[in-house]
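Enquirer: Listed below are the residues making up each chain.
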Amino acid sequence: MKKSRLSRFFMILIVFTQTLYTLYAQKQNMDELLDLSLEELANVHIITTFKIPQKIKEVPAVIRVITDEQIRNNGYLTLEEALSTLPGMQFRNINSFNSYVFMRGAPSQNNLILVLIDGIQINELNSGGFYGGAQYNLSNVERIEIVYGPASALYGTNAISGIINIITKKPEKYSGLDLNALAGTFNTMHINMGYGYWNSSKKMGFRISGSAKTSEKADLKEKAGDNNWTASLENFEDDYSVDANVKWYKFCFELNYLEKRSSAATYNKSVGTDYRDTGTFWDIRFFNTALKHDTDLGPKTVMSSQIYYRNTSVLDNSVLVVTDTAQIGYYRPNSLFGFESMIHYSTPKRFDLITGILYENENLARKYSNTYSTGPDIRPRKPDEPPMEYNTLLSIYGQTKLFLTPPVELYAGARFDNSSAYHRVFTPRLGLVYNKNSLTAKLIYMEAFRAPKPWDYANGLGNPLLKSERIRSYELYASRVLMPDLVLNFSIYSNRLSNLLVKESYADESWRWINHGQLNTNGYEICVEYRKRKIRSSANYTWNNSTDENNRTIPEISRHCSNLILQYSLSGKFHFSIGCHYIGRRKNTRTISTTGSNFVDAAFIVHSALTYVLSSNWEMQLAVKNLKNAEYYHTSNLSPDRYRQPQRTVIFKAGYHLK
Amino acid sequence: MTKKILVSFYLLFSPCVCEPNMTNLDAEYGYEVKAVFIYNFTKYINWIDDDRSPYFDIAVIGESPITEPLKQIAQKRLVCQKKIKISQLENADQIDYCHIIFIPESEKSHLKYIVSRVQNKNILIVCEIKNSLESGAMINFVPAQDKIKFEINLLAMNKSSFNPGSELLKLAVRLID
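Residue numbers (our numbering), protein chains in the order written: chain W, 9 to 667; chain G, 4 to 180.
Pulled out of the complex, with its shape left as it was, chain W reads as follows (with noise of 0.2 Å):
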């Protein structure tokens, strides 16, 4: 019955758009550019992910952008609310210190995405994995390009599923000072407050922008927690972050500092079991710094470098769990310095290549350390400093870009990663873009890594022979501008990861991590963009199949979902915007004690906002998340059986701007 509905709703979607290929496919699309001033004209960006700028019909992958006008008119407050808009994004949020992201049908401890701060990947260094949640600054972000599929021949390990990089506002374009303040519901307050800077004649400017956050993200107690947690549940998250960016001729520093201060009580069910949820806190560190700088060695050639350092650590005065007898303390420290250097030499028209050499040196724990304190209600000492492991890994990689025979480009890629944690790693890409009047098409082969972190290696009884997990995937997309504001993409993936590290469990309680098994994932995704002066809006709906090599659903993925995407402004002085989720049933990884189910039941959700522009300086918002105040799940791999979703959320937010 739904696969006909399904086909049903295909072949309508086909009828009309052939209709409308028909009506309007001779008009061309130059209007949104001329209505652009000169400044904006000037600020015009080209997508950055792939190394170097390039227009996102030309890089092989697939690529969709979230700008800051989206993030502010829909009034996104953390990176899974933004990405939630996208296809094939599906997460288990656990209201707790982490969310995670499955992308494509992976469901992982996000450690199969990269994310990235300009450029700067910010994964916790010990797990390989990104931490969700409001500790990013998205008042201070310019876009989010989220690369879709395997990307390892130019990023090397984790980037299995895809890329999110966070460009923050620079200097040229986002001059002048920034405050907003926001509250609502759930006790949730943010501040926060840029700040920039631009001297075009002697191209020098700086920005600075920070945030403080707080919220108790939604009701979970009891009832209304599925039971899982008492009355007197503690489930806060308080974020503070600070983005600097100074830019000297053809210098550039950066600076971002993220720190998430939240309750880990989520992580573990309470009812009925020994741990107590009060009196956890979770501080996780996040710095990165950087100094980047551009060099021209000729007419075509340019080369970049960057020096960063980053440290990701959890700090000592952490406390993860909370039993009858005993707070546990824990400490999990790490750092990393880095050297990239990266020549791009362009010949317009015939030859395009990116080559670039990378050193990493990597100060992790080998395992985290943890201090028991005497009693449920006292805090435990400060952890000492667990045993440190360095290890340096270099790499070296390249792209070129044939124009084969216009409108035909060939791209051919391929990295190689020499760790002393995790040896030799060869990782190729291969992709053929085609670009020609309102058609682009790709069709691309692309593998990937993600390798064990030296605490694998040791963790239980120890693995020495681990070897990393290893994604190959094909994708054919295709994207046709129907009309002048009317947009039409479509990508059909497969991919195979094999080589999972799944954990080897014995009689007598020891375990370690084994290499075994792989993960299947098949589907499709179609998205619809239409755009007209006062209304923007997109729709898409995914379909995708994940199983494992023997054929059997994964838990924790839907093979359906689907958003719709409206914003409509009128006379420029109101926008208002509402965003529609649908995520069908899944698979949960146990049985529900409070339905008898091993599903979690598909949910409709509908967020909306509506900003007024008073003048140039002010603007107000009052954004409803949960608009319904559907009561919807998410999926468990952890005590509780399914982790209940925030109810109807209420937020007023004031934003002030002084050029």
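To be clear, the hints were calculated from the coordinates, so they are not data collected in a lab.
Check each hint, because a few of them may be wrong.
Claimed, not checked - A short, non-exhaustive set of chain W residues, derived as facing chain G with CB atoms under 8 Å:
#: 1; residue: E47
#: 2; residue: A50
#: 3; residue: I404
Every residue gets a Cβ at the ideal spot worked out from N, C-alpha and C, and that includes glycine.
Position chain G relative to chain W; hints supplied.
Expert: Chain G in isolation, oriented as in the chain W frame:
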């Protein structure tokens, strides 16, 4: 299901395969931006009122992807109440009169000769060639990270009696004055 998807995919995107010369929507994005820049430049420059042509003439030397987006603009916009006319010239010797001349990177080796042919003729010389301002070009496009910026040779503009507006000068990443 897979068969249906493939058939649907074919149906959705088949028209373009059948009609390869259908529209010009996909001209180089960078050149679309440059073409709109050129149109915008006309708003910030004092054009001498003359009757030499009923059109506002923009000439492109050699083959360049900018020609098509310029033609698109010509169909949609006027400059100084005149229709815009785009000409593609094979070489500098074909230059008679125009308001703006665009010299693409492929004409780098002929830059000095082209400039010498149009100097002092009240023609705005726009290039996309590194260091072309030093050879007498008036505005030059330069890539700047992920954006397109421009630099201005105010001396050369003034010599041809152009007085660009302060808005234009403010946005230039380099100014020779």
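Enquirer: Hint validation: E47(W) versus chain G, beta carbon distance must be below 8 Å. Holds or violated?
Expert: Holds: closest Cβ of chain G sits about 6 Å from E47(W), inside 8 Å.
Enquirer: For the restraint on A50(W), tell me whether the closest CB of chain G is nearer than 8 Å.
Expert: With a closest approach of 5 Å, the A50(W) hint holds.
Enquirer: Can the hint on I404(W) be confirmed by a CB-to-CB distance to chain G that is less than 8 Å?
Expert: violated (24 Å)
This entry does not satisfy hint 3, going by the numbered hints stated previously; all others are met.
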